[in-house]
Amino acid sequence: METTDFSQPIRQSAKGIIVIFVFNLFKFFKKFLVFFIAFGIQVIRKKSFGGVTPTMMYLGLIAMLVFLLIFAILKYLNFKFHLSKDDFHLATGIINKDNTIIPKSKIQNVYIKQNFLQQLINVVSLKIETAGDKKSEIEISALDKPTALLLKKRLFNKISVESEEVEQIETVEKQNIFFRVTPKRLLLEGLSQNHFKSFLLIVTFGYGIYNESKDFLEALELEKHVEGIVNLDETDLFNLIITNVILVIAVVLFSFLFSVAKTFIINFNLEVVENQKTIEINKGLFNKVSLSLTPSRIQNLVITTNRVKQYFGLYSMSVKQAMVNAKQQKNFKIVALEKDQLNYLTNKLLSDYNREGETGKPQPYFVLISALGMLFFIVLANALALFLFGIDMLWINVIYLPFAMFYVYFEYKKSYYIISNNFATLGSGVIDTTTNILETHKIQAIKLKQTIFQKRRGIASVVISTASKSVTIPYVSKSEALSIYNFLLYKVESQDKDWM
Amino acid sequence: MNFTNLEIQAEDLPKVEELVLKPISKSYLKIIALNKLAIYAALIGLVFGFWYFIEKEDNIQFNLWYVLSAVLVLCILNFIISVLAFKKRAYAIREHDVVYAKGLIVHSVTTVPISRIQHVEESRSWLARYFGLATLKIFTAGEAGSDLSIQGLPHLEAKQIKEVISSEINGNN
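Here the protein sequences come in this chain order: B and X. In case it helps, the working numbering puts the first sequence at residues 1 to 500. In case it helps, the working numbering puts the second sequence at residues 1 to 173.
Hints may contain errors.
[Stated by the list, open to error] Here are the simulated SDA-like pairs of lysine to any residue, each with C-alpha atoms no more than 25 angstroms apart in a straight line:
{"no.": "1", "chain 1": "B", "residue 1": "K449", "chain 2": "X", "residue 2": "L21"}
{"no.": "2", "chain 1": "B", "residue 1": "K106", "chain 2": "X", "residue 2": "S167"}
{"no.": "3", "chain 1": "B", "residue 1": "K106", "chain 2": "X", "residue 2": "N170"}
{"no.": "4", "chain 1": "B", "residue 1": "K31", "chain 2": "B", "residue 2": "V66"}
{"no.": "5", "chain 1": "B", "residue 1": "K449", "chain 2": "X", "residue 2": "E95"}
{"no.": "6", "chain 1": "X", "residue 1": "K87", "chain 2": "X", "residue 2": "H107"}
{"no.": "7", "chain 1": "B", "residue 1": "K15", "chain 2": "B", "residue 2": "L69"}
{"no.": "8", "chain 1": "X", "residue 1": "K137", "chain 2": "B", "residue 2": "K414"}
{"no.": "9", "chain 1": "B", "residue 1": "K414", "chain 2": "B", "residue 2": "L388"}
{"no.": "10", "chain 1": "B", "residue 1": "K455", "chain 2": "X", "residue 2": "N78"}
{"no.": "11", "chain 1": "X", "residue 1": "K137", "chain 2": "B", "residue 2": "V471"}
{"no.": "12", "chain 1": "B", "residue 1": "K469", "chain 2": "X", "residue 2": "N78"}
{"no.": "13", "chain 1": "B", "residue 1": "K97", "chain 2": "B", "residue 2": "D5"}
{"no.": "14", "chain 1": "X", "residue 1": "K137", "chain 2": "X", "residue 2": "H119"}
{"no.": "15", "chain 1": "B", "residue 1": "K145", "chain 2": "B", "residue 2": "L285"}
{"no.": "16", "chain 1": "X", "residue 1": "K159", "chain 2": "X", "residue 2": "R94"}
{"no.": "17", "chain 1": "B", "residue 1": "K113", "chain 2": "B", "residue 2": "F29"}
{"no.": "18", "chain 1": "X", "residue 1": "K88", "chain 2": "B", "residue 2": "T451"}
Hint data in this document are derived by calculation from the structure and do not stem from the laboratory.
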């Protein structure tokens with residue numbers, strides 16, 4: 001491997017011009033597309049519009065492209081970066097020169113990404129994130145992969161690497177591909193997802209399209225046609241029901257397909273690489289991403305599964321880190337893990353994780369609140385059904401009521417908490433089974449919450465906040481809540497451990 | 001249920017419930033009252049404005065006195081609750097943490113360990129300046145949920161607390 005010298009200011013790969021050009025072109029068209037279409041159609045139709053002939057328009061378009069290309073080339077030429085002993089230097093700007101210096105110790109995350117275009121021309125982009133506001137991100141959009149990897153390694157190395165010996169030790173560093181997802185497991189993962197969400201999404205989407213195209217349909221006089229079908233005799237009521245059933249099945253199938261496709265695109269070739277200190281996640285079909293996890297920065301672990309997934313042995317783990325923006329946070333999710341892989345990973349990320357300690361359940365008050373919520377939902381749904389379809393629709397309660405009972409039952413059943421010496425483990429979920437784990441020394445604040453109604457019953461909730469997420473232990477007895485409160489505070493304040 | 005299987009007895013831990021919280025300055029009630037009254041005045045003004053516009057149209061039934069009394073009752077209820085809730089606002093600074101309690105209908109007691117505080121801020125609106133009060137804002141690294149904002153502290157005290165916490169944070173580094 002040809003080693004790149006980062007100590008001298010260098011440019012990115014020349015292919016960067018293409019990336020910058022296409023990116024700007026895309027951005028440009030996104031902004032002015034409507035305008036262009038409107039203007040273009042006017043010009044082509046009328047041969048001339050405000051003194052602009054089609055030829056002039058095409059010439060203008062070409063000039064625009066050339067301008068963007070020159071802009072991209074200039075931007076490329078003026079984009080130089082290098083590494084000094086402790087800092088990363090970046091010089092940008094065509095007219096206004098910017099010189100950015102980031103101390104290596106302040107770098108929070110380094111991502112390697114590859115979108116579709118970058119995959120085609122075989123370059124990757126490297127993103128450097130620092131703590132603080134979102135604008136402090138730096139993206140180098142075209143590097144060949146070995147250079148990017150080397151740069152990433154150098155950025156994380158706080159002590160500058162000068163001698164070649166160290167270099168060699170680095171390359172020898174154990175890289176163990178710990179987990180690689182198989183297509184079969186991804187398929188199972190996609191199929192066994194909670195389809196309610198995608199179902200609802202598709203229904204609303206379909207409804208939206210129907211509403212939008214209503215006028216259009218009317219214009220085509222389809223409405224009459226449809227009405228003609230609907231208003232046929234009662235013998236055709238059966239047909240109508242069949243049509244509806246088929247429609248529902250089609251939507252369900254579609255939402256299945258949607259879920260599977262989504263799972264495949266996001267998690268294609270998902271790979272978890274175990275380094276000495278960090279864990280690396282690589283995944284994606286059109287947008288390849290490569291992310292590193294640093295155990296010290298992890299705030300919460302969220303493990304989700306459900307009945308069906310449990311049967312197939314599929315577990316997902318989301319890692320919530322501090323100082324990561326919301327968009328990236330989503331990417332820190334590993335799906336389709338097996339049980340022992342999950343346990344291994346949990347132990348790697350949280351050393352000595354255990355669930356010692358008594359398992360606590362919320363008070364029966366939890367059921368009351370949950371049932372009240374469901375009751376509200378059912379009343380609302382009934383009112384809506386009555387309003388829209390008349391008294392006949394009340395039979396829908398035959399479905400609602402058992403569903404509501406199951407919902408409340410499972411919600412209570414799956415809710416629990418374990419406060420052990422160094423960890424707090426919380427269970428929740430209805431259809432999904434969610435396990436939330438956090439280390440007690442990473443707590444940022446604790447809150448005791450009690451409504452005026454709970455006061456009489458002596459019930460309270462505890463909200464535990466870390467730097468990335470707040471979790472709630474719902475509706476425990478006041479004394480229990482206070483003892484959890486005091487214990488966790490004691491844990492945070494008595495140890496002199498850093499939260500990051 | 002308690003934590004008997006752990007090495008520390010839960011009874012020996014410092015207890016937040018035994019802590020005597022200090023109420024915030026009485027003058028802050030005046031600020032709350034003034035703010036609330038301004039909002040109520042705006043609301044009532046809105047009702048009158050609405051009435052003025054709609055009066056000219058015959059087909060819409062709009063009984064001014066019903067609506068006005070409904071709004072007034074809501075305002076009075078809201079005011080009573082705010083005054084009662086005011087008594088619930090209390091705070092305490094312990095050796096290792098800051099405790100703040102508030103809320104009547106949803107009462108909450110939040111504790112932020114001093115070692116987790118990122119920075120402290122003291123801000124004063126012009127009304128607060130007039131009454132010699134200040135708001136102490138405590139920021140942690142967490143989401144918005146874990147930040148504290150203690151309103152209605154006497155200015156001098158807010159300043160002192162800020163100094164104490166700041167020196168504590170810097171001392172730790």
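Evaluated hints:
no., hint, result
1, B:K449 to X:L21, "holds (16 angstroms)"
2, B:K106 to X:S167, "holds (23 angstroms)"
3, B:K106 to X:N170, "holds (19 angstroms)"
4, B:K31 to B:V66, "holds (18 angstroms)"
5, B:K449 to X:E95, "holds (23 angstroms)"
6, X:K87 to X:H107, "holds (11 angstroms)"
7, B:K15 to B:L69, "holds (13 angstroms)"
8, X:K137 to B:K414, "violated (37 angstroms)"
9, B:K414 to B:L388, "violated (36 angstroms)"
10, B:K455 to X:N78, "holds (21 angstroms)"
11, X:K137 to B:V471, "holds (23 angstroms)"
12, B:K469 to X:N78, "violated (32 angstroms)"
13, B:K97 to B:D5, "holds (24 angstroms)"
14, X:K137 to X:H119, "holds (9 angstroms)"
15, B:K145 to B:L285, "holds (17 angstroms)"
16, X:K159 to X:R94, "holds (16 angstroms)"
17, B:K113 to B:F29, "holds (23 angstroms)"
18, X:K88 to B:T451, "holds (13 angstroms)"
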